[in-house]
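Novice: First to last, the sequence lines map onto chains D and E. Every letter in the first sequence is one number past the one before it in numbering that gives the first Met the number 0, and letter 116, counting from 1, is 115. Every letter in the second sequence is one number past the one before it in numbering that gives the first Met the number 0, and letter 385, counting from 1, is 384.
There may be inaccurate statements among the hints.
With a straight-line Cα cutoff of 27 Å, these simulated DSS-like cross-link-like pairs (lysine-lysine) come out [what the hints assert, rightly or not]:
id : chain 1 : residue 1 : chain 2 : residue 2
1  : E       : K117      : D       : K73
2  : D       : K73       : D       : K1
3  : E       : K36       : D       : K1
4  : D       : K1        : E       : K117
Treat the hints as calculated values from the structure; they're not laboratory data.
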Amino acid sequence: MKLSVWTYEGPPHVGALRVATAMKGLHYVLHAPQGDTYADLLFTMIERRNHRPPVTYTTFQARDLGADTAQLFKTACLAAYDRFQPQAMIVGASCTAELIQDDPGGMAETMGLPVPVIPLDLPSYQRKENFGADETLFQLVRALARPMDRSADVTCNLIGPTALGFRHRDDIIELTALLGDMGIGVNVCAPYGATPQDLTRLGAAHFNVLMYPETGEAACRWMTRELGQPYTRTVPIGVGATRDFLGEVAALTGRSVALDESRLRLPWYSASVDSTYLTGKRVFIFGDGTHVASAARIARDEMGFEVAGLGCYNREQARMIRALAREHGVEALITEDYLEVEARIAELAPEMILGTQMERHIGKRLGIPCAVISAPVHVQDFPARYSPQMGIEGANVIFDTWVHPLVMGLEEHLLTMFREDFEFHDDAGASHHGAAATPRTPDPDAAEAPDSGGEVIWLDEAERELRKVPFFVRGKARRNTETYASERGLTRIGLDTLYDAKAHYAR
Amino acid sequence: MTAPAPATGCRDVPVLAERGQQEVFCGLTGIIWLHRKIQDAFFLVVGSRTCAHLLQSAAGVMIFAEPRFGTAILEETDLAGLADAQEELEREVDRLLSRRPDIRQLFLVGSCPSEVIKLDLSRAAERLSARYAPKVRVLNYSGSGIETTFTEGEDACLAAMVPALPETDRRQLILVGALPDVVEDQALDLLSKLGIEDVAVLPARHADSGLAIGPNTVFALTQPFLGGTLAALERRGARHIPAPFPFGEEGTTAWLTAVAREFGVDQAHFDAVTAAPRARAARAVARAAEDLRDRSVFFFPDSQLEIPLARFLTRECGMRAIEVGTPYIHRAVVGPELDLLDRGPLLTEGQDVERQLDRCRGTRPGLTVCGLGLANPLEAEGLATKWAIELVFTPVHFYEQAGDLAGLFSRPLRRRAALRLEAAE
Ligand code: SF4
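Next comes chain D alone, as it looks inside the complex:
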C-alpha cells in the first residue's frame, strides 16, 4: 500500500483509452464500474475533443457482483458492436474488474463477432498509463499488421502519438513536413488518426519513426522483428536532435539529408546578445524520460543553461535517465512521488523548472518560474495555435516557451540597480506577465531557510543584504554563500562572507 496524493500517470486502462481515442473505427469495451467513466472527461475537457471517446463501460454495480457480471460484459460487447460497427474492438478490465476475474478477453473470443477482437491484459496493480498505451498499440499491431511488399516510394510509419499526448497533434504535422522535404512519405501514423484497417498496411513502410518511446516502443520492436522494419532512435526535439534524426533517416534510406532552415530561429535567437542573460541559468528538469532527455540536451547545448538536476517519473526510462544524469554531473531523481520532486527542487533552488503540470504548481509555490515540457499536462497545454515540440518549428516554440517565464535580460539589470524601488521591486515579478505575476509564497525565504539551519547562521546584516538580491537569483545566492561558508568551516555568515562568496562564484 502506498499513499499517493497526485500521480504522474493514471492506471494502464487510461493508456489503452488514449490509444483508442486517438484512432478511428476502433471500439474499446472496458469492464469497469460506472465511476471509471470519469476518464472520458480527460479527452472531452482537457484535450477539448469534440467526440466521446470510443469506449463502452460495462458499469457493473455491487448488486451485479453476486449475479452475473460476465453476462453484463457480453451484453455490453454485443450492443457496442451493433451500435458503432467498428472495424476492430479491444476488450479489457479496469482495476476492479481485474479482481472479479471475468476474463473479458476469453469471453469476447467466444462471441463470434465478425471483426477482430483484441484482448488486453493490463495489470492494474503493477503497471501504469504509459505501459497501457504501449501495450495496447503493440497488441493492435501484432493482431493486425502483416508482412507485405514495401511501397514503391520510400515511406515510413509514425509510431507513438496518442490522444492526450503533449503536443502530439502538432508534432505529427511537423515531422510529416520534415520527412516530406527529404522525399519520404508517411505510410501510416499510428495510433493517432489511424483506423484498424490502416494498421494492416503498416508493413508497406520502409522504416518506422518512433516518435515517443513511452507509447510506441513495443510496437516498433515487434515490427522490426516480424516485418523487418528498422526504427529511428533519435527523438527529434531540439535543433541538434533534429539534425541527428535526419542523419539517421538518411542512413536508413540512403537519401541525403535535406533540411529547410529558412524558418529555424532558435540558433540565432540564442546567439543574439539579448540572450546573454540566459547563460548558466540553473534549470531543473523533470517529466517523462524522453522529453527530459531532449530538454536536457537543448538546455545545455542550445540555450546555454546549466542542468542543476533532472529526473523522470516513468521507471521504464530510469536507466537512460541515470546515464544522462551522470553525463551532466548531477544525481538522477526517479520517482512518482511529487513531494520528493518538490523537496529536491527546494533543495537545489534552480532558477527555472522544466517539468509537467505538477512542477508548474511546485514552481508556483516555491516562486520559481516553470515551463512545461512533458505530460501530464492540463488544458492550457493544448493551445489553439500550432505549437509542436519536434523539428524546426518545435525548436522555435521551445525557445519562446522557455524564455517566457524568465525575467528578461535588461529588466534583470534594472531590477538589480533599483531594487528598492517601490513599484519596480523584484517581488512584482517579470513585467511582461502582468497580473499573472503571482507573488511568491507568503514568506518564500522561510521555505529555503531550514536548509541552512544547524551549521551556518546568517547574521542580520547579511540576511538583510540577501533580501535585496533579486528574487530570481536569491535562492542561488543563499546556497552559494552557504556552500562557500561551510567549505571554509565558517559558522556565521556576515556581509563579508556574502560578498566573498559572490566574488568566488562570479562568472
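With chain D fixed as given, assemble chain E with the ligand onto it according to the hints.
Specialist: Same frame as chain D, now just chain E with the ligand:
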C-alpha cells in the same frame, strides 16, 4: 412571480428505470468539496491508481495546495493476503497522522477494489479510533462506484458521522448538507432573523463544534441527495422537515416556510423578514430568465439535483422540461418537489447513456444539462449544454444566489448568441 402549484404534480408519474451504461462519477468525487468544508478532516481513500486518478482529474488544478485527501493505493501484495492490508493501512495512517497533527477526523473511504476484496474498513476505523481517541476520530464510509454515484458519497460520509454524535435533549434545528460557507452563513442569518436561534449544521466545519443530536432535534435537508443521512438521523430520534429545496425564490420560500411553521414563526414576521430578499431574488431570476423562457431543457443524470432544478427552471424561468434524468429518486426526500413539478417531462432513474443520447438528439432540446464527458461532444453536434458539475461546486442555494443559479443556465445560451464567426455582411 411563480405559478400556483399544479393540480397534479409528478409524484405518481411512472418513472422509466434504466439499467445500462451509466456516465456518472462515483461517490469518491464528493471528497473534493467535503475536504474543504470540514476543515480538520482528512479523507483517506483505500483504493487503486484509478481512484487516485479520478480525484486528481475531478479536482483539476483547483486545489493543488497540499490537499487533505489522499489515496492508499492497493498493490499486488495487499491483494494477496488480507491481514497484511489491515496492517499496511494502519501503518499508512500512523505515518499520515504524525505528519499532519492538525487532523482531528479521519475518514477511511472505501472504493470498488477495497470492497471487492472485502477489506473491512469499519474494523480498521474502530481499531484506529481506539488508538487515537480522543484526539482523532476515525470513521469510514464507502464512496465506491459499485455502490454510490457522485453526490451519494457526501450522503454516505454524513450518514457515517451521525452514529458518533453525542446525545442531546435540546430543541434544535440541524441543517443537513455541505454548503459553501457564504451560503451557510446567509441561511443561518435568515433563520436567526426569523427567531430560530438554536441551529447547527451537519457537517460542522470542525470536529469540536459541539454538534449533538436527540429526540428534540428537527432537521432540514439542504441537498436532495441525502436519503441515507436522513435515515441515519431518524434512527437517532431526530425528525425530518420535508420541504422543497432552497433553489430559487420559490424553493427558498417554501423551504423557509416549512421550517418556520415547525418553529411557530408567525406569518407577518415571516413576511417582514423575507420580503426584501424575495423581491431581490425574483428580480435577479427574471433577468436571467429572459434568455431561458420558452426553451426546452433535458437533464442527464448527475447529482440528484435534477428534479429540484427542473422545478426551478420550469416554474421560475419559464422553461419546458423534456426529460429529467436522475441517478436515483428518493421519494421521501424529493416528494415535495415532485408535487410542484408539472406533468409532462419523462422522468428517468438510472441510465443507459446511448439510448438517452438518442432521445436527446431526437428532441434537440434548447439546453442540455449533462456531465463533463458529454458536454463538448454535444456542443459539437450543435446542442447548447450546461455542465452539471458546476451546479455542485458553485454557491446556488437560497435567495441571494437565485439569480446566479438561473445565470448558470442562461450563460451558455447568451454565449452562443454572442459569438459571431461568420464574415460580416
Ligand atoms: S468507480 Fe470505483 S475504482 Fe473507479 S474511481 Fe470510483 S471507487 Fe475507484
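Novice: Now, for every hint given, state plainly whether the structure supports it.
Specialist: Structure-based check of each hint:
1. Distance check on the hinted pair: K117 of chain E and K73 of chain D sit about 26 Å apart at the alpha-carbon level, within 27 Å; holds.
2. Between K73 of chain D and K1 of chain D the CA atoms are separated by roughly 34 Å; this puts the pair beyond 27 Å, and the hint is violated.
3. In summary, the hint linking K36 of chain E to K1 of chain D is supported, as the alpha carbons are separated by about 26 Å, within the 27 Å threshold.
4. Between the alpha carbons of K1 of chain D and K117 of chain E the distance comes to roughly 19 Å, so the proposed pair stays at or under 27 Å and holds.
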